[in-house]
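Student: Listed in order, the protein sequences are those of chains A and B. Count along the first sequence from 1, add 62, and you get the number used in my numbering. Count along the second sequence from 1, add 10, and you get the number used in my numbering.
Think of the hints as simulated: they come from the structure by calculation, not from any bench. A portion of the hints provided could be inaccurate.
[Claimed, not checked] Calculated lysine to any residue pairs in the SDA-like style (CA-CA distance at most 25 angstroms, straight line):
#1 A:Lys68 <-> B:Arg278
#2 B:Lys425 <-> A:Trp70
#3 B:Lys532 <-> A:Gly165
#4 B:Lys536 <-> A:Met123
#5 B:Lys126 <-> B:Ala216
#6 A:Lys68 <-> B:Lys591
#7 A:Lys66 <-> B:Leu345
#8 A:Lys68 <-> B:Val417
#9 A:Lys68 <-> B:Ala216
#10 B:Lys606 <-> B:Ile528
#11 A:Lys66 <-> B:Ser353
#12 A:Lys89 <-> B:Ser527
#13 A:Lys66 <-> B:Val417
#14 A:Lys68 <-> B:Ala435
#15 A:Lys66 <-> B:Lys429
#16 A:Lys68 <-> B:Leu369
#17 A:Lys117 <-> B:Leu383
#18 A:Lys68 <-> B:Val366
#19 A:Lys66 <-> B:Tyr423
#20 A:Lys117 <-> B:Lys591
#21 A:Lys89 <-> B:Gly28
#22 A:Lys68 <-> B:Ser353
#23 A:Lys68 <-> B:Leu373
#24 B:Lys532 <-> A:Thr131
#25 B:Lys591 <-> A:Gly165
#26 A:Lys89 <-> B:Pro397
#27 A:Lys89 <-> B:Lys429
#28 A:Lys66 <-> B:Gly348
#29 A:Lys89 <-> B:Leu369
[As the list claims (entries may be wrong)] If you want the ones that stay clear, here's a sample from chain B, every Cβ over 12 angstroms from chain A, calculated:
#30 Gly378
#31 Thr434
#32 Ala543
#33 Gly577
[Claimed, not checked] Heads up, incomplete: computed chain A residues facing chain B, CB under 7 angstroms, no partners named:
#34 Ala67
#35 Val80
#36 Gly81
#37 Tyr82
#38 Ala84
#39 Gly87
#40 Tyr95
The C-beta atom is built at its ideal place from N, Cα and C for all residues, glycine as well.
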Amino acid sequence: MQSKAKLWIAGSVLVCAVGYLAFAGVKRGWVYYVQVDELLTATDLRQQRVRVSGKVLTEGMAVSAGQLTASFQLAGQRHQIPVHYRGVIPEMFQGGNDVVVEGTFDGAGVFQADVLMTKCASKYQGKHPDSIAQGRP
Amino acid sequence: MTIILGNLAICGALLAAGLALLTSLASLRFDRPSLLGASRRLMGAVAALLTVAGLALLAALADSDFRLAYVAQFTERALPIGYKLSAFWAGQEGSLLLWGWLLAVLSVLLAIVQRKQFGTEPAAVMATLAVICGFFAALLLLAANPFRALDEVPADGHGLNPLLQDPGMIWHPPTLFVGYAGFAIPFAMLVGALIVGRRDQQWILATRRWLLVSWAFLTVGIILGAKWAYVELGWGGYWAWDPVENASLLPWLTATALLHSIMAQQHRGVLLRWNAALIVLSFLLCIFGTYITRSGVVQSVHSFGKSLVGSFFLAFLVAGILFSATLLLARRRLLHSGQAITSLLSREGAFMLTNVLLLIIMLITLLGTIFPLLSQIIMGRSVQVGPPFYNKVVVPMSLLLVGLMGVAPLLSYGKPEGKQLWRTALAPVLLAVVACAAALTWGIRSPWALLATAIVALGAASLVLDLLRTWAQRMRWAGENVLLALLRVLDGNHRRYGGQVVHVGMLLFMLGVAGSSIYHVKRDLKLHPGQSATVGAYNLTFTRLDEARAANYTAVQAPLKITDTRGQSLELVPQRRFYDKSEQSNSEVAIHSTWKEDLYIILAGWEAGGSATAFQVIISPLVGWLWIGGYAMVAGALLCLLPALLPSRQAAAAPAELRLARA
């Protein structure tokens with residue numbers, strides 16, 4: 063009986079530790095994932111770091127691979143937002159493609175992104191459906 | 011012709027699987043050996059027909075037969091033949107055909123292994139496998155047909171995605187699928203044993219070999235995938251906690267847990283319900299992983315074509331969960347062991363703790379993967395948790411797990427003997443402290459790195475000391491010379507030393523992960539021709555941009571002269587490839603690997619005319635050990651499966667003490 067009690071205590075300590083770590087992890091990693099239209103209607107998301115998915119408009123796209131910057135309009139169904147991205151330009155980045163950006167709005171209403179991920183073009187319907195690590199192209 | 015042949019073969023496979031199900035069910039009901047024999051032969055027919063379908067698709071791929079939508083979508087005429095053939099699993103339809111084929115082949119293998127067994131249990135096993143194979147045949151026919159014809163035959167195909175034109179991609183998917191398919195066999199054996207209400211629990215032990223093979227393949231698959239991501243995706247990492255990656259990790263975690271708790275059952279008759287539940291979980295998690303990544307319910311960076319496949323997998327998953335839960339509940343008394351784990355400081359206690367930790371990692375990974383879905387349901391807004399979430403929980407749990415791995419071999423089954431435990435643990439603990447001190451004098455200050463050093467040293471020391479002890483005992487007892495005694499010790503217990511090799515692999519793996527994640531250096535450089543820069547211990551000089559042409563792409567490349575502090579020089583050539591059939595360019599990273607670290611250079615971009623050229627330079631310490639560790643894990647699993655190689659001498663006469671020490 064005594065050893066069973068010990069097992070229970072060890073188990074509960076472990077569960078509490080994991081629970082705490084998971085909670086802390088969720089708090090740290092928490093990032094809203096929204097569409098462009100949704101971002102514009104939700105005022106509470108204006109101030110914080112979010113992940114936005116949308117389509118890159120070919121019009122008004124300015125990419126400087128040498129300077130590692132890209133400015134473009136990210137479009138949803140009805141609205142669009144100006145995005146300024148700083149970092150390595152992913153290979154599949156081009157007008158008409160779906161991308162995901164992560165960052166915040168600056169004072170001038172430009173979305174400053176430091177993460178830019180491309181989704182595969184529909185032609186390549188799934189680069190490879192089972193490849194692991196589709197991470198960041 | 012190919013299209014008709016392929017479709018007929020899949021139709022035939024579906025029919026044969028249906029008949030195999032009927033005959034095996036009849037055999038289960040009436041216990042007639044002839045019916046079971048018929049069911050096994052029908053399963054052979056399923057495998058043969060799917061082989062025909064597979065060969066037909068391969069022939070069409072090799073032949074560039076663009077009448078097939080699949081061939082046109084994933085290949086082009088100029089593609090090298092190896093990639094033409096590996097396009098078999100470049101898309102959803104082909105990879106599901108591969109999975110289904112592997113399932114049928116493994117089912118036939120099981121039927122061959124069980125050919126001497128008749129009665130209701132093998133009949134139920136066959137029925138289960140017939141249902142699973144039938145599901146895949148139906149899927150191939152209705153939702154993901156690789157033999158779909160095009161109305162208009164194009165002159166050339168779209169070509170293979172440049173990211174898949176990498177040798178790693180040839181082997182990664184098939185190995186992963188062998189692992190996935192392999193978990194169906196233990197599941198079927200479980201269903202068979204539980205349906206007929208088998209009283210002994212030997213069948214769980216019989217699943218071990220199948221599990222070990224599947225586990226080894228799944229491990230290779232995951233390692234190859236990580237390596238591919240590292241070499242091909244060009245962000246310097248190998249694991250991003252993307253849902254697609256997590257999907258392959260989930261069953262790996264439960265299978266790893268299972269391989270441990272099966273030993274606890276074998277030696278102490280405990281953890282039976284755990285084992286049964288883990289067999290079910292490993293199988294269902296393969297299906298679940300496929301479902302979430304194929305159906306689009308969870309947003310992955312990777313987008314999938316929407317199709318019926320998701321619904322098929324969901325239906326199968328729900329049915330599988332309901333069926334298995336009912337079965338396990340109804341037969342829970344059969345899985346009652348009557349034994350209990352008395353102490354955490356025993357070998358079986360360590361196995362249980364191992365399982366708990368692995369399951370925690372699995373649950374956290376699962377939670378993170380479906381978090382966007384859960385938050386959408388609960389809060390009406392999708393939230394992603396990202397790598398910080400996983401790292402926060404998984405890193406400490408993994409360190410604990412690897413630490414436990416170092417301690418567990420010191421423990422014995424049954425009652426712990428505190429004094430003896432301390433005696434054996436003293437040397438490894440001291441060595442871990444020494445290793446930490448050495449790391450400190452070496453200038454390592456990060457607490458995580460020190461902790462990892464201590465844990466790796468503890469694990470390595472206890473493994474080596476354990477081997478040395480047994481070795482010395484053997485030399486004393488058998489009077490053999492040094493080399494022969496070592497060979498005999500290793501050969502005498504493949505399971506034990508195979509397991510130890512897996513653990514050594516895990517330690518090396520952890521070394522690689524710790525080094526590359528804690529001391530990862532990333533620098534963005536802008537260089538003009540002739541200009542140089544220094545990153546870490548390397549001096550990089552950029553000469554100038556030039557162009558190179560290969561079979562199906564043109565590359566812009568930026569040769570860099572690299573000199574390290576010891577004055578050794580080499581040239582690295584990062585490229586950006588423009589494939590003829592692709593709208594996008596694809597970066598080809600240049601990597602210089604040493605035992606100590608990888609120098610990883612990406613050609614990020616250039617100004618028109620090639621004046622300023624941007625590079626991303628990454629230094630990833632110890633990352634090479636990660637792959638070595640991964641392959642060592644697989645080698646260890648294979649060693650476990652090998653029978654003893656040396657002719658046994660005096661084995662039967664070994665004193666009980668030595669046998670216990672080796673057990």
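Student: Decide, hint by hint, whether the structure agrees.
Tutor: Comparing the hints with the structure gives:
1. A:Lys68 <-> B:Arg278: holds (20 angstroms)
2. B:Lys425 <-> A:Trp70: holds (18 angstroms)
3. B:Lys532 <-> A:Gly165: holds (20 angstroms)
4. B:Lys536 <-> A:Met123: holds (22 angstroms)
5. B:Lys126 <-> B:Ala216: holds (15 angstroms)
6. A:Lys68 <-> B:Lys591: Violated, because 64 angstroms separates the two Cα atoms, which is more than 25 angstroms.
7. A:Lys66 <-> B:Leu345: Between Lys66 of chain A and Leu345 of chain B the Cα gap is close to 20 angstroms, so the pair holds against 25 angstroms.
8. A:Lys68 <-> B:Val417: Satisfied, since the Cα-Cα distance of roughly 19 angstroms is no more than 25 angstroms.
9. A:Lys68 <-> B:Ala216: violated (33 angstroms)
10. B:Lys606 <-> B:Ile528: Distance ~14 angstroms between Lys606 of chain B and Ile528 of chain B Cα, so the pair holds.
11. A:Lys66 <-> B:Ser353: holds (8 angstroms)
12. A:Lys89 <-> B:Ser527: holds (21 angstroms)
13. A:Lys66 <-> B:Val417: holds (22 angstroms)
14. A:Lys68 <-> B:Ala435: At roughly 22 angstroms apart (the allowed maximum being 25 angstroms), Ala435 of chain B and Lys68 of chain A satisfy the hint.
15. A:Lys66 <-> B:Lys429: holds (22 angstroms)
16. A:Lys68 <-> B:Leu369: At roughly 20 angstroms apart (the allowed maximum being 25 angstroms), Leu369 of chain B and Lys68 of chain A satisfy the hint.
17. A:Lys117 <-> B:Leu383: Distance ~22 angstroms between Lys117 of chain A and Leu383 of chain B Cα, so the pair holds.
18. A:Lys68 <-> B:Val366: holds (16 angstroms)
19. A:Lys66 <-> B:Tyr423: holds (17 angstroms)
20. A:Lys117 <-> B:Lys591: Satisfied, since the Cα-Cα distance of roughly 23 angstroms is no more than 25 angstroms.
21. A:Lys89 <-> B:Gly28: violated (50 angstroms)
22. A:Lys68 <-> B:Ser353: Holds, because 9 angstroms separates the two Cα atoms, which is no more than 25 angstroms.
23. A:Lys68 <-> B:Leu373: holds (24 angstroms)
24. B:Lys532 <-> A:Thr131: Status holds; Cα separation ~17 angstroms.
25. B:Lys591 <-> A:Gly165: violated (33 angstroms)
26. A:Lys89 <-> B:Pro397: Status holds; Cα separation ~12 angstroms.
27. A:Lys89 <-> B:Lys429: The given pair, whose Cα atoms are some 44 angstroms apart, is violated under the 25 angstroms limit.
28. A:Lys66 <-> B:Gly348: Cα-Cα ~15 angstroms, so holds.
29. A:Lys89 <-> B:Leu369: It holds: about 22 angstroms lies between the C-alpha atoms, which stays within 25 angstroms.
30. Gly378: Label violated. Min Cβ-Cβ 8 angstroms, cutoff 12 angstroms.
31. Thr434: holds (22 angstroms)
32. Ala543: holds (15 angstroms)
33. Gly577: holds (31 angstroms)
34. Ala67: violated (12 angstroms)
35. Val80: holds (5 angstroms)
36. Gly81: At about 10 angstroms, which exceeds the 7 angstroms cut-off, the nearest Cβ of chain B leaves the hint on Gly81 of chain A violated.
37. Tyr82: violated (9 angstroms)
38. Ala84: holds (5 angstroms)
39. Gly87: Because about 3 angstroms separates Gly87 of chain A from the closest Cβ in chain B, which is inside the 7 angstroms limit, the hint holds.
40. Tyr95: Since the shortest Cβ distance to chain B is 4 angstroms, the answer is holds.
In terms of the numbered hints stated before, the structure departs from hints 6, 9, 21, 25, 27, 30, 34, 36 and 37, listed from lowest to highest.
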